[in-house]
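Enquirer: Using the sequences plus the hints, can you model the full thing?
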Amino acid sequence: MKVFYLLLFSIAGVANSWAGDVSARLDNKVTVSAQYLPGEAGKEAILVLHGFTTTRNFSTVQSIVAEMAGNGYTVLAPTLSMHINDRRASVPCDAIHTSTLEDDVDEIAFWVDWLVEHGHRSITLIGHSMGSLQLVAYASNHPHKSVNRVIATSLIHTHRYTAPEIIEKETAQALAAAQSTAPSIQGYHFIFCDAYLAPPNVYLSYMAWDGPRVVETLRKTNVPVQIIMGEKDRRFGPEWIALLKQSGSELKVIDGASHFFDATHEFELLDSISESLQ
Amino acid sequence: MKALPARHYFIALSLVGLMLFFLLSVNQVLRTEAVKVAINAEKQAAAEVEVTRAVDKVLDELNSVILELTQWDEVHQQLTDPTYYVYWRETRQRNQEYLPDYVDSFELYGKDSQALVKLANHPMPLSVPDTRLFLQADSGQLYAFSEIVSRTPGDEPVGYLGIKINFLQALKTLNRFTLVQTDSVNIERADSLVLAGDIATHLKYQMLEAADSSRLGNILLKILREYFALFAITLLVFYLMVSVLLIRPLRMLNMHILDLQKGNRNYSETSNTFLPTIKELATARRSLNNYQRELDSVQAELDGKNAELWDLAHIDALTGINNRLAFERDWNELLHLTRNTRLDVSLALFDCDFFKAINDTYGHEAGDKVIQSIARQLQGVLREGDTLYRIGGDEFVSIFTNCSEEEAEVIATRCITAVQDEAFEQLGIKETLKLSVGLAHASGDDKANISELPRQADVAMYHAKGSTREKIVHYTTALEEDAYALVSSHITAAVLDAIESGTNMSMHYQPIVSTETRQVSHYEALVRINDPAGLITAADIFPVVTRRRQEVELDKAVIRSVVNDLASGRFPDEAGVAVNVSAAFLALNDFCEQFSVFVPYLKQHPITIEVTETNYISHLQHASECLQRLRENGFTIALDDFGSGYSSLRYLANMPVDIVKFDISMVRALKTDERSRTMIYDTARLIHNAGYTLVAEGIEDEQTLQCVLPLCPKYLQGYLFGNPQPMEALC
Chain A
1 MKVFYLLLFS
11 IAGVANSWAG
21 DVSARLDNKV
31 TVSAQYLPGE
41 AGKEAILVLH
51 GFTTTRNFST
61 VQSIVAEMAG
71 NGYTVLAPTL
81 SMHINDRRAS
91 VPCDAIHTST
101 LEDDVDEIAF
111 WVDWLVEHGH
121 RSITLIGHSM
131 GSLQLVAYAS
141 NHPHKSVNRV
151 IATSLIHTHR
161 YTAPEIIEKE
171 TAQALAAAQS
181 TAPSIQGYHF
191 IFCDAYLAPP
201 NVYLSYMAWD
211 GPRVVETLRK
221 TNVPVQIIMG
231 EKDRRFGPEW
241 IALLKQSGSE
251 LKVIDGASHF
261 FDATHEFELL
271 DSISESLQ
Chain B
1 MKALPARHYF
11 IALSLVGLML
21 FFLLSVNQVL
31 RTEAVKVAIN
41 AEKQAAAEVE
51 VTRAVDKVLD
61 ELNSVILELT
71 QWDEVHQQLT
81 DPTYYVYWRE
91 TRQRNQEYLP
101 DYVDSFELYG
111 KDSQALVKLA
121 NHPMPLSVPD
131 TRLFLQADSG
141 QLYAFSEIVS
151 RTPGDEPVGY
161 LGIKINFLQA
171 LKTLNRFTLV
181 QTDSVNIERA
191 DSLVLAGDIA
201 THLKYQMLEA
211 ADSSRLGNIL
221 LKILREYFAL
231 FAITLLVFYL
241 MVSVLLIRPL
251 RMLNMHILDL
261 QKGNRNYSET
271 SNTFLPTIKE
281 LATARRSLNN
291 YQRELDSVQA
301 ELDGKNAELW
311 DLAHIDALTG
321 INNRLAFERD
331 WNELLHLTRN
341 TRLDVSLALF
351 DCDFFKAIND
361 TYGHEAGDKV
371 IQSIARQLQG
381 VLREGDTLYR
391 IGGDEFVSIF
401 TNCSEEEAEV
411 IATRCITAVQ
421 DEAFEQLGIK
431 ETLKLSVGLA
441 HASGDDKANI
451 SELPRQADVA
461 MYHAKGSTRE
471 KIVHYTTALE
481 EDAYALVSSH
491 ITAAVLDAIE
501 SGTNMSMHYQ
511 PIVSTETRQV
521 SHYEALVRIN
531 DPAGLITAAD
541 IFPVVTRRRQ
551 EVELDKAVIR
561 SVVNDLASGR
571 FPDEAGVAVN
581 VSAAFLALND
591 FCEQFSVFVP
601 YLKQHPITIE
611 VTETNYISHL
621 QHASECLQRL
631 RENGFTIALD
641 DFGSGYSSLR
651 YLANMPVDIV
661 KFDISMVRAL
671 KTDERSRTMI
681 YDTARLIHNA
691 GYTLVAEGIE
701 DEQTLQCVLP
711 LCPKYLQGYL
721 FGNPQPMEAL
731 C
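One line per chain: the protein sequences are A and B, in this order. Using this note's numbering, read the first sequence as starting at 1 and increasing by one per residue. Using this note's numbering, read the second sequence as starting at 1 and increasing by one per residue.
The set of hints was computed from the structure by calculation and includes no laboratory data. These numbers come from a predicted model, not from an experiment. All C-beta atoms in this analysis are idealised placements derived from N, C-alpha and C, irrespective of residue type, glycine included. Certain hints may be false.
[Claimed, not checked] In silico contact screen, one side only, chain A against chain B (beta carbon under 8 Å); selected entries:
hint, residue
1, 26
2, 84
3, 89
4, 94
5, 96
6, 100
7, 101
8, 219
9, 278
[To be verified] Derived DSS-like pairs: lysine-lysine, alpha-carbon spacing no greater than 25 Å straight-line:
hint, chain 1, residue 1, chain 2, residue 2
10, B, 556, A, 29
11, B, 36, B, 204
12, B, 118, A, 29
13, B, 36, B, 2
14, A, 220, A, 245
Expert: Have a look at this one:
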């Protein structure tokens, strides 16, 4: 069993890491953790980020982690804390969500820096779903220079195509609530949640990333973004993939695959990722 | 033991069975009650264990919930940033997806053990209490508090979790009771706060065993009722079987037996019923019929035999007329009849004179024919309807009813005449046979005397027998005196006692003197019996002895007495003794040996044995032989009372006698007429010529002596020469 003691940022204390796992305490007193699988020397490191409310243990993520580690890459798969100390499970919709997208990006930056700190100068970021969006957001805003690529699988935006009037209404309400000195928790229709409990600012931080913004961001970002989508992924409407094609990013659509690339499409996803890495 | 009907035994058996069933039932109920008590005790213990385990399970589940909550990301989120803690707690408490139903509330506490948020009407303690697990009895709520361990190893606890559950709800939700009534489980209110380890003991509940026990009891009662019904049905069936197959056939068999006893001879093999029959009883009935048939056959045979025996018993085999038994039967019937009926009754007693001599002289065959002839003659002259009975060898009796004394005498005379006229010569008998008849009469007014008639007729007949002329004697009271000896029980007892014991026997000796010297030659021993009422003489002794057939015993007693007198040494020297013997004694086979006791005294006192002519004739052959032997042994034989009966010179010629003693009647006859005197003289001469010594007895006076002397007797005997005297007087 190998134990790691990490000193992170100015507020970082001593962190323990079990074999394959690393953790660290952020300055907000929240401990974060990641699965760390050292790869072959000379090969780039890959950071794999999970989707909305899940953890690194999500099946699609773990498939990618295993494939990449198997290919000799150093893999780091963190679990975003969502302001939960040493979060270990998915956060239900009706839990109180206090972490903004910016907070998520900060934690991504933390882990990228962690990789850099550990000597990795070539880093590829692979995300799934909301993780892809968060990595795109990170890549668009002063990413570390060691980050040379983003592979965004099942990339999403935050506006559901169903019931747009509700989204519009709730967004308006959130905007109004955000003006309050003591903004209260409210339930929102968000992603797949019908009662996403969060303060308005948290909600709005995500709602700022609608489809056009994502495409625009892709166009502007300096880090190459490769997009892998499932052909049957209709979660954000049939126009989404078409819209992504307009982003200028490399887009690969796997026929018949869903949002989670389940069944045999998982291999196609992994093959596509591997091709992208080459 | 008294016999009872079969039904009674069956009822007794049934009662015993019912009693046993009742006792067994009571025993089973008691045992069941004991089992129920034991089961309840076991169930009580098991229920306590069940409740304890249920409480433990609640606590275990509570620990699991607490553990889950303390590891819940959201809890750690709230401890890290409790900004939205109140909202979060409210939403999470309401959401059953995260907490079990029985959880009423929970609370997060910071490191300082204070609630993250303190509100009014706070459902949970505002701070973590010292007791981390307890039950509030009043509300029934279980409080549990637990540290929330930091997810960073080595760090202090990040806070505390408090949870409050509805204990009874949790208990009943998490457990399925099998021994305890779930709804009955409740908390005793004795203590307001109960520690975790004491919760089980503070619960009250009701067990399910009451229902089980009741059901067990009901099952037992049901089983007992079923058994009782089965027992009753079995008993009924058994009774019907016994009644039909056993009691009824037995009753019918019994009736059949009663019918047979009553003489209803129904030998049917079946009881004529459609009901089933037991083979063994049918066999018994058939056997009974067969047995009854055999009994009937045997009975018929026995009746025949009885009739034959009756005839034999009541009919005289020789004559074919009724015998003594028949007479006694008829006489008793007559006595019974005369109790209520006026009836003149005469009783005639017939006796054939000297029949013994006839019998012995001409033989038994001739004697039997004489008896048969007499019976025929008597029957021929009796009135029609009169019955003749043979009650002895030559004794007959007849009862004359509705008959006066005169008529009775006429009938008796007819009888005597008929016998006298009978031609006995055809039987070779030359002598004329005579009957002696004793008559006794009782008129219808004299019923008391009817029962005395046999005795009276006997007395009368005794007198007729003793008379040569008066052969029909009517009983009179005058005869009673003569018959005193016969009827006096006192004299009879004295005579019999003297004969048997020898006491009071006193020999008197009458001298017999020599005609030539007038000196006593010898004495005739005459028996007397000493009695306080006076000396009993031969006149009273012999009737008793004769009627009681005690002749032999008397003769033996006489011989003993004479021997005693001779042995006393006081008997006159050189004097002889003459001893009389009866015909019965003469008939003894050891007659000669009876006189051996005299042998030692023969030289000093010659012994003469006197036998009467009649006695001698009764046993002619035997007497001749015996007397001859005695003569050869030195005894002298004298023929006594010669001339008083059927004196036959033919007999005398063959008699081994030495002396002939003329009876007193012959001596008296010397005084009557010349013819008689001549015959007596001639007889005496014949006797002398035959070589016999003649003795004349009955010489009472000088005149008689003068009449006797021409007979030339060698010895004389009579009062003229001396009365009989005891031996002491002889000296």
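Enquirer: Next, verify each hint and record whether it holds.
Expert: Results of checking the hints against the structure:
1. 26: 11 Å, violated
2. 84: 4 Å, holds
3. 89: 5 Å, holds
4. 94: Hint holds; residue 94 of chain A Cβ to chain B Cβ min 7 Å, cut 8 Å.
5. 96: 5 Å, holds
6. 100: This interface hint is violated because 13 Å lies over the 8 Å limit.
7. 101: It is violated, given that the least Cβ distance between residue 101 of chain A and chain B is near 18 Å, above 8 Å.
8. 219: Not OK, violated: residue 219 of chain A not within 8 Å of chain B, min 37 Å.
9. 278: 38 Å, violated
10. B:556 to A:29: Given pair residue 556 of chain B, residue 29 of chain A is violated - Cα atoms ~169 Å apart, limit 25 Å.
11. B:36 to B:204: 21 Å, holds
12. B:118 to A:29: 24 Å, holds
13. B:36 to B:2: With a Cα-Cα distance of about 49 Å, the restraint between residue 36 of chain B and residue 2 of chain B is violated, given a limit of 25 Å.
14. A:220 to A:245: With Cα atoms ~14 Å apart, residue 220 of chain A and residue 245 of chain A stay inside 25 Å; holds.
Consistency with the previously given hints fails for numbers 1, 6, 7, 8, 9, 10, 13, ordered from lowest to highest.
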